[in-house]
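Trainee: Chain residues, written in single-letter form:
Protein chains: 2
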Amino acid sequence: MQKLDSSMMDFEERLEIDDFESEVMERIYSKPLLIKRVNTTSQIAIVGANVCPVESLDYEVPENELVNEDWRSRRTVQIFQYILLKWAFALIIGLSTGLVGIFNNIAVENIAGFKLLLTTELMLKHKYYKAFAAYAGCNLGLATSAAALCAFIAPAAAGSGIPEVKAYLNGVDAYSILAPSTLFVKIFGSIFGVAAGFVVGKEGPMVHTGSCIASLIGQGGSRKYHLTWRWLRYFKNDRDRRDLITCGAAAGVAAAFRAPVGGVLFALEEAASWWRSALLWRTFFTTAVVAIVLRGFIQLCSTGTCGLFGQGGLIMYDISAAKVVYSTPDILAVILLGVIGGILGSLYNYLVDKVLRTYSIINERGAAVKILLVIMISLLTSICSYGLPWLATCIPCPADASTSCPNTDVSGNYKSFQCPPGHYNDLASLFLNTNDDAIRNLLSTNTVKEFHISSLFIFFVAVYCLGIITYGIAIPSGLFIPVILAGSCYGRLVGRLFEPISELDVGLFSLLGAASFLGGTMRMTVSLCVILLELTNDLLMLPLVMLVLLISKTMGDMFNKGVYDQIVKLKGLPYMEAHPEPYMKHLIARDVVTGPLITFSGVEKVGNILHALKNTGHNGFPVIDEPPFSDAPELCGLVLRSKLLVLLKGKAFSKDMVLAGNKVLSKISELDFAKAGSGKGLKLEDLDIQEEEWDMYVDLHPIANTSPYTVVETMSLAKAAVLFRELGLRHMCVVPKSQGRPPIVGILTRHDFQPEHILGLYPHIRFQQ
Amino acid sequence: MQKLDSSMMDFEERLEIDDFESEVMERIYSKPLLIKRVNTTSQIAIVGANVCPVESLDYEVPENELVNEDWRSRRTVQIFQYILLKWAFALIIGLSTGLVGIFNNIAVENIAGFKLLLTTELMLKHKYYKAFAAYAGCNLGLATSAAALCAFIAPAAAGSGIPEVKAYLNGVDAYSILAPSTLFVKIFGSIFGVAAGFVVGKEGPMVHTGSCIASLIGQGGSRKYHLTWRWLRYFKNDRDRRDLITCGAAAGVAAAFRAPVGGVLFALEEAASWWRSALLWRTFFTTAVVAIVLRGFIQLCSTGTCGLFGQGGLIMYDISAAKVVYSTPDILAVILLGVIGGILGSLYNYLVDKVLRTYSIINERGAAVKILLVIMISLLTSICSYGLPWLATCIPCPADASTSCPNTDVSGNYKSFQCPPGHYNDLASLFLNTNDDAIRNLLSTNTVKEFHISSLFIFFVAVYCLGIITYGIAIPSGLFIPVILAGSCYGRLVGRLFEPISELDVGLFSLLGAASFLGGTMRMTVSLCVILLELTNDLLMLPLVMLVLLISKTMGDMFNKGVYDQIVKLKGLPYMEAHPEPYMKHLIARDVVTGPLITFSGVEKVGNILHALKNTGHNGFPVIDEPPFSDAPELCGLVLRSKLLVLLKGKAFSKDMVLAGNKVLSKISELDFAKAGSGKGLKLEDLDIQEEEWDMYVDLHPIANTSPYTVVETMSLAKAAVLFRELGLRHMCVVPKSQGRPPIVGILTRHDFQPEHILGLYPHIRFQQ
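Just so you know, the sequences run in chain order A and B.
With UniProt numbering, the residue at position 485 of the first sequence is 485, and numbering never jumps.
With UniProt numbering, the residue at position 362 of the second sequence is 362, and numbering never jumps.
In short, the hints are calculated from the structure, not lab data.
All clues stand as given, with none of them false.
Quick look at which bits of chain A chain B covers, simulated, 3 or more residues with Cβ under 8 Å:
hint, region
1, 291 to 300
2, 530 to 540
3, 621 to 635
4, 737 to 744
All values reported here derive from a predicted model rather than from experimental measurement.
Where a beta carbon is used, it is the ideal one built from N, C-alpha and C, also for glycine.
All chains should be built: construct the whole structure from the sequences, respecting the hints.
Mentor: Here's what the structure looks like:
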């Protein structure tokens, strides 16, 4: 990818660019706006701080002889197999994601538990420096392992993964984002990262993991290992893969939060860009499987067979013990909580964005620098976690505590730390715990005085800042837990302040604080609401949680976008928004069509095709039928680069300029035309065309999509964008309004709708209403 | 509407058909398939057993000088007003629906409570015949009132209303379905119907009520009462109305079940055909408002100020007292429950369909017959409710009963009926109660032996049959409650049978039975799951409820469609399915374009337009620019009947064939072009065109949609259907593939995609795979 940096590439080098990179190339080289485009770099995805090419996905159903033949050849039994397999895949995704979720939790609880036990033991012997050395050492070792995995094996595994999944489901495939190596690093990197005590969650990574599993399953067998069935080719298209990955994302949330309904809603509200009722049902099935797997294992683990994995694992904060009563002052307090939570949430987004931009510059300097950054943040986290509790004063244990106090267990509320017997250190109970346990402590009900206001304040500031500077380093890092952690601490703080006038338990305030932060950063509504209710098992809080979410989302939206949208933008992924920008109303489709259009004849010379494939990066070429095949030039269809490569590879050539018809299909298996997985398709170098074959002809009719969606050149760009987005297109043909002109004006792709492109062409249009 | 019955209408009569009816007319008269079409009658909606015209809605954004001018004239402050108003409307919809929900509940509880108290008092005095007379008399009076309201004021208010709302949100506006009179009858008819002891619910009617309220608000002021602001015209389009009505439907469910999240999901999964993330948020806000209104009133009523409205009102079945424990035998029992529930549910659908077909024939005979049918069903229901409890033997009161036994209250578990003191009649506890209370009794936990198996069986059979024969009579009747009632009885029955091997409480079995029936009839998944959880306030049942819903939906789908889809089909509403039928792949767009195409020139003679408007029922006319306005004939755009009528009314004519440009807009206010509410638009009779004006010219350019979505004639019908459905179109232009032909081949409307139309043209294509 370093090639991209030197924009002065010559023709010879260009030929080496493979099919996959071509779309990026296309945007940079084939258009007149060379310099502007390279400067914005918006067309190149920055995934895990690595510049990475992106490929657009195509959800259009092509129509041609090939597809018709394929359709005719389907037997009823195959259609049945297809339906059965869809559900089998959903089952497998649910099962695997559930198992990975369990594995992840058991591993984290055991590793982090061991670390905390060691530290606590040394503390009890008053060997404070040794305890710090052990604590920080463990953290450092785990952090370095996670960073090394990320830096050397799969840079794409860094970060949350939700923005990338969101972009994929919008039709942008950033290379390697769903590769097996990413999956591997995501699972283990997440375990090490969370166990290392970072203020990161395993929820985002679980969503990414679920999507990776789904993507692997969706590859439709492996030709390398001869694991390909003829009817598996029905899955070899972007639509079916999209459906599977939606299921995977939902399964990830379900496994992370033990929230099956929340998972479905998350996939629906945040992840997916297209949705249909049938998919809702399949997603629901997947998350139901996850829920059953989790429940089975938790029952198994409750007998003590999972090591230190006990109550602590698999977050579930039962707050149903608290009585939900509230009156007008409470509601006012809750509204205030929502307002401030929304502001703090959007500030969080702003700071994360700034930090991320800084880190992406740092991380570009190589793997060693990446790891160094992780080490620095790990040390800082260890110092905060171990050092700040010394600021807290020891509190005498409450007489009526239901759990033992002080507590020397792995999890639990009352950590003794440096305190004398019968006392506990409230800050240590928060800092020297896993994040899940810290949240559980913050949400604990009927324990009003457990945490000092000053301790809550210190913890809040520390977690808020650590969360911001941790996201973006080279480890898999979810955003949910840091936000919930900071939010619940903030909520409890507010609860303590409103204690004199409020009837609501501080534990419930804590929940509402978490909701306000989530609403302020993530900007989801229904899915967050359901996830929180499923997490806390208390439906009576529903009206208040809804209220807080609505307020904080509204407040947040006044300042900036949701954190995932921000990251998608920062990474330069060409995301298609649901609504066109207002200024698009003032442009027509023809206005943004740029660059020379390369078209093929219905029966085209091999040499011309090869030349076009080599010298442009276009992925779609219009095919024009001309006399003698038609009376006047007419648009026959659109042919894709990937299909052309297969056709050339199959050498279905003829000496004369004649229609080949179905002869092509007899030469090349339909299976070869099925879409390969990310980056696995044929490349230009794989072709072996002899010099004498350059003058032969090839019939493009069987493989061209004969009915691409078209718009008239005078349609407003806004209206064209709606068509493009709603139908999930990759190419859209712009046709002339009047007759007697060439039958196609140009092709619009996803990039042509990006604000950077349009504002590059018409800088002043932004200010038009 | 009787006009439709005589298919031998002559030309003169045809001219009287107003704009609103024209689409139906179009389908019947303007196409060559006259007889076939009249026979299938699929294009005419049978709403409340009345034949009723339908109008297609148009979600396409038109583009022309008019719209551009309108857009340019918008100030920032107006856009802000627009956004603010959207939220204000959502607030108002939430408030009003919540208030109606409360009013409905209070009225039902008081009326039904009075009736039941009277009966119980007479029973206690052993005046059994008098008791029956009082009971049946009250029922009869209430039933007749409901039927009279329905038959004379608003026939469209009969039935559930959910199918019609679903069809509206799909783009089919059945006239008067959302009219104010329908709203009025829906509210009061529903109160009388439910209080009359019918096996009907108030949930479907609440959804319809919510939608009616939203529709009223969405009319954008009233010109009649001079309540129109200039900027309110921004709401005068189908898109914004659709959004409001989606919010209304969600608010209805939220008010009916006190399930705000379930309401959002219901709107999403079942009601809406199009969805966007922004709408999710607005819907969520609406249901949150409903939840808050309900909570406020329930707190108010808990002080006893609402008469007999006590615990009984506003269904909420708290089953959290039961311990949720289950093991393998329970799971097997639950699976069996789901399988049988799914089969019984689909049988229910089948029988409802048959009964509905019979009733629609009976109901056609006039209002008196309608009312007679209601009276008969009411008598039958009274006889069952009062007669069947005599079959039950008296059971001694349990010693540990937490509630008083026998119970003489309005609601409650242990009805004494004819039993001696210290005994209760279990069947009477189910029959002589409101439906809500009967469900509460069936779901009651920790009361295993309360109901005899034989009693449960009798009640199940009675309710199952009564539910089927009640739906379709001329009263507002929801389907949710009958299904939940039969389902929970069936579940409790299964629970009793599995008692020896199961650990699960029979109350929980009852809940699962309700879930299985709901899944088997309604075929929803996530929304039912959430509604049931919100109703019962027990998240621990989630995995089992999910399991049962998945199984019963799968079982049901094997036999027939969901009940609402069935009713939509039965009513002949031209619903666009999300997926095209398989045989559409074998047809191309040109194949289904039928009938003569009427086009206008860009500057057209007034006489020609009037002639076309009078003699065809088309709603959209292509406008072709011809020399001298262009070099060759080209498609200028599509003009709508409603816009033409406004233009003719404004008399923007000129003597010469010249472009008028913006002069038209100076003559006619933009406000006049805004879409009026259902059936309120200009009609042909409103025009007053003089004979001499017939030869004048009118410029159609400013009002024609200059960029209609087009498809090429060779595109497969399946692919064209996807475009039509995804973008919510009303008209789609089919353009020729080759040049040198007229620039438009024909127009496709929603009706052209209906299976009846296609299979009428190509009867044998159904069997092609």
